[in-house]
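Residue numbers (my numbering), protein chains in the order written: chain L, 1 to 519; chain G, 1 to 441.
Since the hints were derived computationally from the structure, they do not count as laboratory data.
There could be a bad hint or two in this list.
Here are the simulated SDA-like pairs of lysine to any residue, each with C-alpha atoms no more than 20 Å apart in a straight line [said to hold, decoys possible]:
1) L/K449 x G/D368
2) L/K449 x G/L351
3) L/K449 x G/R304
4) L/K483 x G/L351
5) L/K483 x L/Q120
6) L/K470 x L/V445
7) L/K162 x L/A82
8) L/K22 x L/K162
No experiment lies behind these values; they were computed from the predicted model shown.
So you can see what is in the structure, the chains are spelled out below.
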Amino acid sequence: MQGNAPHRLTDSRTGARPGAPKSVVIVGGGTAGWMTAAALSRLLAPAGIAFTLVESEAIGTVGVGEATLPHLRFFNERLGIAESDFLRATMATIKLGIQFCDWGRKGDAYIHPFGDYGRQTSHAPFHHLWTRARLAGKAGRICDYSLPVIMAERGRFAPPAKDPESIMSTFSYAYQMDASLYAAFMRRLAETRGVARIEGRITHVAQDPQTGDVQHLTLDNGATVAGDLFIDCSGFRSLLLGQTLNVPYESWASLLPCDRAVAVPCESNGPPLPYTRATARSAGWQWRIPLQHRIGNGYVYSSAQISDDNAAAELLRGLDGAPTGEPRLLKFEAGRRRLQWSRNVVAIGLSSGFLEPLESTSIYLIQAAITALVELFPTQADDRADRDEFNRVMMLEYDRIRDFLVLHYHATERDDTPFWNYVRTMCIPDSLQDKLDLFRSTGTVTLYKDGLFLEPSWLAVYLGQRVEPKSYALAANAVSEEKLQTFLQQIRIAVAGTVERLPAHADYLRGAARAAVPA
Amino acid sequence: MNVTGPDAPIIAVRGNGAEALFAAAVLARMAARTVKVVHLVTDAPADVPPALCIPPTLLPLLRSVDIDTAALMRAADGTFHLGTTYVNGHRRSVVADGPLPAALPPVRITQLLWDLSPELRRDFAAHLTLNVAGARLGTVPPPDDNALQHIPFGLHLRTSGFLDMVGGAARHFGLLTVTEEEARCGTSDAQETFLIDGQPARIAMMIDARTDPAATHSWHISDVEAANLSCASVEQHTDYLRVTIPLQRCTVACDVLSRKPHPHAEPAAERNATGMIRLFADSPIDPHPDRHWRALAVILPFLRERLSVTLNPDIIVRSFNALQADLTENQQDVAALGARLLGTHANSSRLERRTEQFLHRGRVVRFDAEAMSETELLGFLMANDIWPQHGDLLASQIPRAQREAHVKAHISAIERRANSFIRQHDFLERAGLYSEARDGK
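Whole structure, please, built from the sequences with the hints as guidance.
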């Protein structure tokens, strides 16, 4: 394609209408770029589309999201990747949830698990029954009714069962991985499937004077790269969607005031934990992501509240092992582009928006965009309906994740630093305030059809951060006190007994991935 | 049992219709000793249709008040409701539920259709699911066949029998019925007070379950061989719609002379306030015979979780307004599609997006709080002659012959299976579901 004049292909073989993209150019080769290239080249293979990825080694990548969500497993499966290959290639460990330390109050800790609490009954959702017992002082921790929480706490793991009757079917799991290794893994996959990689820095973006569509890119060596559809994976620069098409950025800085992160890996200090840790700090929070060979660490903070140097010092003081590199600084602003797809440009990854990695949503948002794009891939010149639908779906994803992240900050009793005082007292969106009021008053979690975080996730954060319901559903009173106690005890025993029989997480990794994890 | 102390907050469900009684019964069942549930009725003659049509999604709620489906069918001349036929002149379209047929992964079956012949597409629509086939033929699977477990069926019921059974269940759960004219004793802080158990009591939360009082109906009962109809029908006449519901030995036809705008059809946020919610926001164009029951199947589980031990009506109303906004918007889409089938041009806010996505790529867009299933929405679109006009990128790579063979195989499979179905009359006989009163109309 190098040096070609801009063109639009038609396909007499398949009968696709004129205007259906036959050449796709991906701009940027980080995690988002190579995930997109690997996925589209596999999933759209029968369509005979030419995929080209343009990247410059001179421009570094952010390498977002070492911690992931369970959706990545299904993404990998769809791409035909064997789990053992993936674990080895990315030095990954298993992730059963995220532990939040010092968020509600200093000294508090809870795990947001990938799985359910308790068991469903015909009377009322489990958490209403649990709340009834809690208000009577007879419930214990809600965590004791969650298999993944207890597995995480005890460092045990075995894959979930498919039998819906089994307690082992009540959880899911994700990975903690080296994102740069994952990008390299995706690159190998994509190149094997025929994606052409072009090295070069983009110096000019040419647009059609009539339509405003991007026509071709000019590289620093003078070559041009033309395409029908451009996927902007250029990271925070948002070279095509932001800089070229001027799609405005909607800032959520007032709701999510952290705007910097400093990251540094350190040595492992023992067998890897099967969960990520997020510890609240004076002006933000610190992540700890255990991989097979090291621990990833970072401090996400508000630059209005702490200097970069002090943040780096606070991070280094909080490491569990000796640092293995120099701290690396990242700057960002929470928010999203008003459109994710404009004209013939689709933004995927950081070019479309940024939500801090508190709930490991960066890679999920990449996946969600890829999935939506595959489903809505344009088939004709007039792709307005596809664009509108893509934008609707992705906006909903961003907005609903935003509310969930804001909850973590706002639902705190901490007032020990200006940062925590600000987030505790800040105005929050009505959509979140209504959810909080409903939960406090009735114990009900607002549910929706589309959106990432489901009932157990909201419950975990509400209860973990002391948003406690004053009441519970009337229907929970249908069970006698004695039966309720027996029911709850049975679940606690089943959870604890099941976990006791599971192998250690490190042993599982050694078996599944033949990984050399520390003893 | 809804046996409560004197200080228990009171929830009143207002309305003379079957919907109000059923909502009150479900709430009384769960209120269990904490909240008193009262059914407020008026002396005015009830404008209750003699037959009703409930969707599959309501059956779990019936079970929640310990009503057995077979017993209900026997008590209320019940027949199976597999779908609804829309009749406009010579044109008949069946819209029904049922699991969507398998596709050629990852391509959905609706994405295979765009360039197939109109005859094959129509044949596909007529064989979309077993519900559609059964509703069209008036048949059901034999009682010893477990297929019925996989067919989402609703019920056609004689209202009097339904009221008897639900009323019995409601009394068992301690529901108190109060006549408004006798019990009203003034207002306090702008809220009505009623004599409940002989004492003036404020209603903590009023649930208005009255249905459209502005519509004018007339009823006919005819002796047609109703037991062999397994779907309701809606037929367009010159100046009225005729909704026909088949019971075991007769059909009940309701002529809706006018579908005037509901007097309370203002925006939900204004309608529901200060401890009062109105359940039904009728659309003036909605022809669906089971629309209120479909709404109840969404609303009652929603309320069941939000009605808490320490009742907070304002929070519930706020939450309900959000649900009702979604529900109403979705119902308007379906109402518009139903009205179009009957020759009335109608539109709604989200319908264009649904239609566009279906036209472009055979994709059925779904939103929060849908009362209709994906299959039913698909049925409405196809019945309106809205067909995918383009191939999805992946679907367009599948040779036409292969797509055609796949669709034909689906049609044959449904036809073969539906051929083993029996007349509903035979099912009712063999399963002992006929009511005892042979001449009851």
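Right, here's what the structure says about each hint:
Between L/K449 and G/D368, the direct Cα distance comes to roughly 5 Å. Compliance with the 20 Å bound is thereby established for this hinted pair. At roughly 18 Å between alpha-carbon atoms, L/K449 and G/L351 fall within 20 Å of each other, so this suggested pair holds. Only pairs whose Cα atoms come within 20 Å are accepted, and L/K449 paired with G/R304 is accepted, the gap being roughly 19 Å. About 49 Å separates the Cα atoms of L/K483 and G/L351, which puts this hinted pair outside 20 Å; it is violated.
For the proposed pair L/K483 and L/Q120, the alpha carbon gap of about 15 Å is at most 20 Å, so the pair holds. Between the alpha carbons of L/K470 and L/V445 the distance comes to roughly 13 Å, so the proposed pair stays at or under 20 Å and holds. Distance hint between L/K162 and L/A82 is fulfilled; the C-alpha atoms sit about 18 Å from each other, no more than 20 Å. A hinted pair counts as satisfied when its Cα atoms are at most 20 Å apart, and L/K22 with L/K162 does not qualify at roughly 40 Å.
In the structure shown, a violation is registered for the earlier hints numbered 4 and 8, in ascending order.
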